[in-house]
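Peer 1: Listed in order, the protein sequences are those of chains W and A. Here our numbering is used: the first residue of the first sequence is 1, the next is one more, and so on. Here our numbering is used: the first residue of the second sequence is 141, the next is one more, and so on.
Do not take every clue at face value.
[Claimed, not checked] Computed spacing ranges between beta-carbons, pair by pair:
(1) I151(A) with G23(W): 13 to 21 Å
(2) A161(A) with A139(W): 44 to 52 Å
(3) R116(W) with D237(A): 41 to 49 Å
(4) R91(W) with R277(A): 20 to 28 Å
(5) Q25(W) with I151(A): 48 to 56 Å
(6) A122(W) with P146(A): 31 to 39 Å
(7) D157(A) with K140(W): 18 to 26 Å
(8) L258(A) with A139(W): 14 to 22 Å
(9) A78(W) with E192(A): 39 to 47 Å
[Unchecked claim] Here chain W is said to cover these stretches of chain A; the calculated rule only asks that three of the stretch's residues, wherever they fall, bring their Cβ under 8 Å from a Cβ of chain W:
(10) 251 to 259
(11) 265 to 278
Bear in mind the hints are in silico, worked out from the structure with no lab data behind them. Using N, Cα and C, we set each Cβ at its ideal position, and we do this for glycine too.
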Amino acid sequence: MTADKATIAKQFIEIIPHAKALGMQITQIGDGLAEITMPYDDALIGDPKTGVIHGGAVSTLMDTCSGAAVMSHPDSPAGTATINLRIDYMRAATPGQAITAHAECYHITRNVAFVRAKAFDADFDNPVATAAGAFTVEAK
Amino acid sequence: MVRKPPEPVQIVKQRRDAALAALVEGVPYIRYLGITFERHGDELTAVLPFDEKLIGNPFLPALHGGVTAAFLETAAIITLSWSYLWEDIENGKLDPDTLTHGDLPRLPKTIDFTVDYLRSGLPRDAYARARVTRSGRRYASVQAEAWQDNRDRPMAQATAHFLMPRPKS
Numbered sequence: 001m002t003a004d005k006a007t008i009a010k011q012f013i014e015i016i017p018h019a020k021a022l023g024m025q026i027t028q029i030g031d032g033l034a035e036i037t038m039p040y041d042d043a044l045i046g047d048p049k050t051g052v053i054h055g056g057a058v059s060t061l062m063d064t065c066s067g068a069a070v071m072s073h074p075d076s077p078a079g080t081a082t083i084n085l086r087i088d089y090m091r092a093a094t095p096g097q098a099i100t101a102h103a104e105c106y107h108i109t110r111n112v113a114f115v116r117a118k119a120f121d122a123d124f125d126n127p128v129a130t131a132a133g134a135f136t137v138e139a140k
Numbered sequence: 141m142v143r144k145p146p147e148p149v150q151i152v153k154q155r156r157d158a159a160l161a162a163l164v165e166g167v168p169y170i171r172y173l174g175i176t177f178e179r180h181g182d183e184l185t186a187v188l189p190f191d192e193k194l195i196g197n198p199f200l201p202a203l204h205g206g207v208t209a210a211f212l213e214t215a216a217i218i219t220l221s222w223s224y225l226w227e228d229i230e231n232g233k234l235d236p237d238t239l240t241h242g243d244l245p246r247l248p249k250t251i252d253f254t255v256d257y258l259r260s261g262l263p264r265d266a267y268a269r270a271r272v273t274r275s276g277r278r279y280a281s282v283q284a285e286a287w288q289d290n291r292d293r294p295m296a297q298a299t300a301h302f303l304m305p306r307p308k309s
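Let the sequences and hints guide you as you build the complete structure.
Peer 2: If you want it as structure tokens, here you go:
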């Protein structure tokens, strides 16, 4: 059952045009947990002086990963949409390194799913950003 | 008493538009999303023309929530930068020519960014405006709102805090 859910969520994420455009890859999914990586790309640079990628690209990765976590939760009937998302930027991501996001859907009701997420570059001890959000729970 | 004659309008417009273009076009990610800015006096409106690659839900279809967030964040950063660069652009301290040659001023850094999704983003152009509610020496607070067909029906709103760049010493 849960394995099916993970497959459906993975398939869904993989056909999102914008996730594809950014080269996102699901590396782990299931039981309300998701991990997605996004390669470094010059097109995502937000600060041309340093080559640091734009916060917006990190937001997009966190949003996608959070949505995937909700969809993979055993109590989630089908799709989801972001209600709200707060992102805290801890530090600039190191230029040239891929960004990996981990998201956890830690609570879900009939109508709302609650998610926490973290984003890292190659230094897995120091997050680049953290996020917290509320998502809709869509009926089948 | 002799007053200085006002600057010719085309000179004023040319200087302001060159400064804005340098600020916006220097950032690869803004170009990648296709965001442009319209200027009326000092008021800026960000424009996000629709593109297939911005889709987040192909079944509805709807814009990706991350794109909407990035659009609002860009509107907030550019509006904030514009507000503190304006004086230097006007008094000639900041030369648009040096800006166009890659000597961009440092941009504010996002501390946190909160976005509320009010309606799903339709597959068409979107617009955004930001308002600097507080701009201090170190921190700034900015609010932003995005809409599509109808100004009274916003698709998303955001609140953000920024760390201001240190002035060049």
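Peer 1: Next, verify each hint and record whether it holds.
Peer 2: Hint check:
no.	hint	result
1	I151(A) with G23(W): 13 to 21 Å	violated (45 Å)
2	A161(A) with A139(W): 44 to 52 Å	holds (47 Å)
3	R116(W) with D237(A): 41 to 49 Å	holds (47 Å)
4	R91(W) with R277(A): 20 to 28 Å	holds (22 Å)
5	Q25(W) with I151(A): 48 to 56 Å	holds (51 Å)
6	A122(W) with P146(A): 31 to 39 Å	violated (56 Å)
7	D157(A) with K140(W): 18 to 26 Å	violated (52 Å)
8	L258(A) with A139(W): 14 to 22 Å	holds (21 Å)
9	A78(W) with E192(A): 39 to 47 Å	violated (24 Å)
10	251 to 259	holds (count 7)
11	265 to 278	violated (count 0)
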